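Numbers 5 to 487, taken from the working numbering, label the letters of the sequence shown in order.
Hints are computed from structural coordinates only; laboratory data are not their basis. Watch out, some of these pointers could steer you wrong.
[As the list claims (entries may be wrong)] Pairwise CB distance ranges, derived in the manner of DEER restraints:
#1 Asp451 to Pro228: 21 to 29 Å
#2 Ala344 to Lys91: 36 to 44 Å
#3 Glu214 to Leu417: 50 to 58 Å
#4 Ala117 to Ala344: 39 to 47 Å
#5 Tyr250 to Ile111: 18 to 26 Å
#6 Ala117 to Leu439: 35 to 43 Å
#7 Val345 to Leu439: 16 to 24 Å
#8 Lys322 to Arg443: 33 to 41 Å
#9 Arg315 to Val166: 46 to 54 Å
#10 Pro215 to Gln326: 23 to 31 Å
#11 Thr317 to Ala117: 32 to 40 Å
#12 Ile421 to Glu214: 56 to 64 Å
#13 Lys92 to Leu318: 29 to 37 Å
Quantities reported herein were computed from a predicted structural model and do not represent experimental measurements. Every residue, glycine too, gets a C-beta built ideally from N, C-alpha and C.
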Amino acid sequence: MAGIGFRLRRMAEEQGLVGFFTGYSVAAAIMAGPWIMTVLTVLGVTMLSPDLDWFDAYITHVYQVSLITVGFFQFPATRYLADLLYKKEYRQVFPSFHYTLLICLGITSLIGAFWAFTTPGPPALERLIVVCLMNIVSAQWVSLVFLVTVHNYRAILGAFLVGGIVSIFSVNEYFGFNSNLDVLAGYTAGQALTLLILIGTLMSEYPAYEPFDKNCLVWLKRYPSLPLAGGLFYLGIFADKFAFRYGGWLSGEGIMGRQVLAPWLYMSEPYEFLTFLAQLTVIPALAVFYIRVETGFYEVYKAFYKGIDDRRTLEELKEIKQQILQEMKSGALAVASAQAVISLLCFLVAPELLPNQVLSVTNTAILRASIVAAFFAILLLLVIVLLLYFEFYREACFSAALYTVLNYTFTVLTILITSDLYGWGAALASCLAFLVAARILWVRVDDLLYQTFSKSPVETLPEKVKGIPGVGRYRVQKGELTC
Numbered sequence: 005m006a007g008i009g010f011r012l013r014r015m016a017e018e019q020g021l022v023g024f025f026t027g028y029s030v031a032a033a034i035m036a037g038p039w040i041m042t043v044l045t046v047l048g049v050t051m052l053s054p055d056l057d058w059f060d061a062y063i064t065h066v067y068q069v070s071l072i073t074v075g076f077f078q079f080p081a082t083r084y085l086a087d088l089l090y091k092k093e094y095r096q097v098f099p100s101f102h103y104t105l106l107i108c109l110g111i112t113s114l115i116g117a118f119w120a121f122t123t124p125g126p127p128a129l130e131r132l133i134v135v136c137l138m139n140i141v142s143a144q145w146v147s148l149v150f151l152v153t154v155h156n157y158r159a160i161l162g163a164f165l166v167g168g169i170v171s172i173f174s175v176n177e178y179f180g181f182n183s184n185l186d187v188l189a190g191y192t193a194g195q196a197l198t199l200l201i202l203i204g205t206l207m208s209e210y211p212a213y214e215p216f217d218k219n220c221l222v223w224l225k226r227y228p229s230l231p232l233a234g235g236l237f238y239l240g241i242f243a244d245k246f247a248f249r250y251g252g253w254l255s256g257e258g259i260m261g262r263q264v265l266a267p268w269l270y271m272s273e274p275y276e277f278l279t280f281l282a283q284l285t286v287i288p289a290l291a292v293f294y295i296r297v298e299t300g301f302y303e304v305y306k307a308f309y310k311g312i313d314d315r316r317t318l319e320e321l322k323e324i325k326q327q328i329l330q331e332m333k334s335g336a337l338a339v340a341s342a343q344a345v346i347s348l349l350c351f352l353v354a355p356e357l358l359p360n361q362v363l364s365v366t367n368t369a370i371l372r373a374s375i376v377a378a379f380f381a382i383l384l385l386l387v388i389v390l391l392l393y394f395e396f397y398r399e400a401c402f403s404a405a406l407y408t409v410l411n412y413t414f415t416v417l418t419i420l421i422t423s424d425l426y427g428w429g430a431a432l433a434s435c436l437a438f439l440v441a442a443r444i445l446w447v448r449v450d451d452l453l454y455q456t457f458s459k460s461p462v463e464t465l466p467e468k469v470k471g472i473p474g475v476g477r478y479r480v481q482k483g484e485l486t487c
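Given only the sequences and the hints, what does the whole structure look like? Please build it.
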């Protein structure tokens, strides 16, 4: 699913400095547009309106719930979309999006309604806007799954710029937004504007000829590990936040900054804000992977399976497999080196650049640990994506589950030991999970020929081998030889 990555790669390589920044900006918007806007908005609220704790809590909860929920549908929908594009069934793209969106919004609406009816503290209108915002953000995530295939990248970038400007201005008291309700309504309006532009862009590229395509989630049933890989990874991203937020029983003295604003509405500041801030540092890795690594990898990946269809010799397939390994090496080096430079700079100078109301001296260690955790977490995500390319769904699911368990476990241990280790539990968890996943990927790809052919049901056709001695008596299926 390299999508428009090839076009963005040509732009970055051929159109000079402007094309370079435009290409990587679009790649970042496609890969993490809603997430970028979340972090920037929370940062803006902290700097411009530091007393809006309720708004901070709303935003973080909305994005966590929406991202985890959509995460269970992201990979199955992407897999089905790839099938549609391979078969050139373009008329089914928007109906597939429509049906996936309907299912996701149904789930988030139920979650939002449950929260609204069990949280009596905030005003009713405020709770209603929060539920609407949750659905809007979920729809943005679903839209981005399908928007990776469109050609109008300017519309995607413009959607996040226009909607983001409206959302960020909504947190400024100068423009008349003085209460939680005002800020929340203004932010929701900006996100709704972004969503309308995104859906309009998708409709213009893929006109709808029928309302729904109910087959779009067939991969949910066929490979349960595929949706679990996405949902568990995003659950792992927030596992440490959940430990801090809901782990009041872990520390007799109480966890630093933990607040209970209302039932089901908890905050743990400054830990949550600092981890959100650290997520901004991984944007370069996402852009580099999308433009340079995924496009180059897809070319050799496609050549391998095309070679099988063309009945290339075993030696030729082995040579292509070596090219895949080489591309993975060079791609990993490109992403890791680019991101390492950014993360190291942020690790060293970010505490000096941020104002005191954003970062105090006591929180510097948490920010630095969160930067390290984000670095390895994004590398883990990229490894999981490569595992999914080769349909190693169980391995991807295992890697995501391992990350979730390790992140929660190590974070709980740091809470029990000392506050000086806050954040380093998540860093260690993401590092170990990445190393394990990378090892699994390397072993599986190194044995790619066996993995490919052993999974394929191979059967002789009697009418084509009739009369040939010794042929047609046996078949190999699911790795077993049978008569």
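Evaluated hints:
For Asp451 paired with Pro228, a C-beta distance near 24 Å keeps the hint of 21 to 29 Å intact. One distance hint, 36 to 44 Å for the beta-carbon pair Ala344 and Lys91, holds here, with the actual separation near 40 Å. A beta carbon spacing of about 53 Å between Glu214 and Leu417 agrees with the range 50 to 58 Å that was offered as a hint. The given range of 39 to 47 Å is respected by Ala117 and Ala344, whose C-beta atoms sit roughly 44 Å from each other.
At roughly 21 Å, the beta-carbon separation of Tyr250 and Ile111 lies within the given 18 to 26 Å, and the hint holds. The given range of 35 to 43 Å is respected by Ala117 and Leu439, whose C-beta atoms sit roughly 42 Å from each other. The hint said 16 to 24 Å for the Cβ distance between Val345 and Leu439, and at roughly 21 Å that hint holds. For Lys322 paired with Arg443, a C-beta distance near 22 Å fails the hint of 33 to 41 Å.
For Arg315 and Val166, the Cβ-Cβ distance of about 51 Å falls inside the hinted range of 46 to 54 Å, so the restraint holds. Between Pro215 and Gln326 the beta carbon distance is about 47 Å. The supplied range of 23 to 31 Å is therefore violated. Between Thr317 and Ala117 the beta carbons are some 60 Å apart, a value that contradicts the proposed interval 32 to 40 Å. Taking the beta carbon of each, Ile421 and Glu214 are about 58 Å apart, inside 56 to 64 Å as hinted.
In this structure, Lys92 and Leu318 meet the distance hint of 29 to 37 Å, their C-beta atoms being roughly 31 Å apart.
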